[in-house]
Amino acid sequence: MRTSHVAFILAVLAPALYTAIPFISSPVRAEDGDRALLATFCAGANIKGSTCTRAKSYPGGRACDVKLTKERYAGRFLAAGNALLVVDYESECEPHATDFGGVALFEQDGKTTRFMRFLPGAQGHDCIVVPKDAQQDALVCTVGHMGQGILESAVARMEFASKSGKRIEITPDFLLRAEDAVSAYGANVVMCNEGPKYFGLSNLAAGPRRNTVAVDVDYADDEIIRTACGEGFPKPKELYHDLLPGEAFVPEGSEKTKRFIIDLVTGKAAPAN
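Sequential numbering of the sequence shown, starting at 5, is according to this note's numbering.
Some hints could be false.
Stated by the list, open to error - Below, simulated DSBU-like cross-link-like pairs (lysine-lysine); rule was C-alpha separation at most 30 Å, straight line:
| hint | residue 1 | residue 2 |
| --- | --- | --- |
| 1 | K239 | K262 |
| 2 | K241 | K167 |
| 3 | K272 | K260 |
| 4 | K260 | K201 |
| 5 | K201 | K239 |
| 6 | K52 | K71 |
| 7 | K201 | K71 |
| 8 | K262 | K241 |
| 9 | K272 | K262 |
| 10 | K241 | K260 |
| 11 | K241 | K201 |
| 12 | K60 | K167 |
| 13 | K115 | K60 |
| 14 | K167 | K201 |
The hints are simulated quantities; they were obtained by calculation from the structure and are not laboratory data.
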């Protein structure tokens with residue numbers, strides 16, 4: 005099964021003016037508090053449903069629209085400090101390079117929710133919040149980017165870090181990567197002298213143990229690679245890639261799908277028993 009994902013890239017938050025709104029608790033639903041969230045960075049006359057037609061303090065000083073999506077995640081992502089609320093948004097100001105949107109970050113102090121800053125291109129999808137320890141949560145997402153028909157996806161833990169000057173930095177820690185080239189080549193491609201190749205990731209969820217997550221992986225194992233590099237699979241009707249030495253085709257539908265468990269402490273991924 006193949007799913008689409010959008011990119012998560014490095015985002016650095018500088019100090020920002022805070023605007024307070026009533027506290028929004030987790031789990032968070034898109035229909036709850038959209039106007040209140042938008043009001044922290046948007047004049048009332050510019051709020052249309054879940055969209056601000058002219059957001060204040062948008063990066064670069066641009067007059068940009070911001071539409072809040074249903075994907076939003078709240079948790080204590082820093083060991084010290086208040087809980088954070090991460091809300092995905094779409095914007096016509098953002099290009100394909102930032103996947104047409106980003107993240108609006110808010111701080112929750114138990115009484116109010118305060119807008120911090122926009123993070124263009126920083127959105128993850130189908131994220132989950134899992135306990136890291138008694139004081140801190142972890143945010144884990146499926147992320148990726150489509151370019152020239154090749155879908156690169158990954159499971160990434162979003163690392164939040166406080167820096168001097170009240171800055172917060174967020175970096176993706178990629179735990180498992182996949183690449184699907186069917187749209188580009190007409191089939192996936194494997195290297196005959198390498199191990200298993202991952203094509204797609206889906207259905208991210210909390211794992212069976214603390215500090216683990218689970219995800220469905222579409223992949224070619226050693227058996228599939230031996231077949232592809234030996235007698236070969238039946239060729240798809242349409243192929244758009246000339247194989248290089250050591251490469252072989254794995255047509256769509258020939259891959260296996262299995263549940264994998266990822267250990268958030270060691271970063272290791274293995275098929276579930």
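Each hint, compared with the structure:
1. K239 <-> K262: Distance ~24 Å between K239 and K262 Cα, so the pair holds.
2. K241 <-> K167: Roughly 54 Å between the alpha carbons, so the hint for K241 and K167 is violated.
3. K272 <-> K260: Holds. K272 to K260 sits at ~20 Å (cutoff 30 Å).
4. K260 <-> K201: Status holds; Cα separation ~11 Å.
5. K201 <-> K239: This hinted pair holds, its Cα atoms lying about 19 Å apart.
6. K52 <-> K71: holds, 9 Å
7. K201 <-> K71: Violated, at about 36 Å.
8. K262 <-> K241: holds, 27 Å
9. K272 <-> K262: This hinted pair holds, its Cα atoms lying about 16 Å apart.
10. K241 <-> K260: Judged against 30 Å, a Cα distance of about 21 Å means the pair holds.
11. K241 <-> K201: holds, 23 Å
12. K60 <-> K167: Within the cut-off at roughly 24 Å; holds.
13. K115 <-> K60: Roughly 23 Å separates the two Cα atoms, so the pair holds.
14. K167 <-> K201: violated, 37 Å
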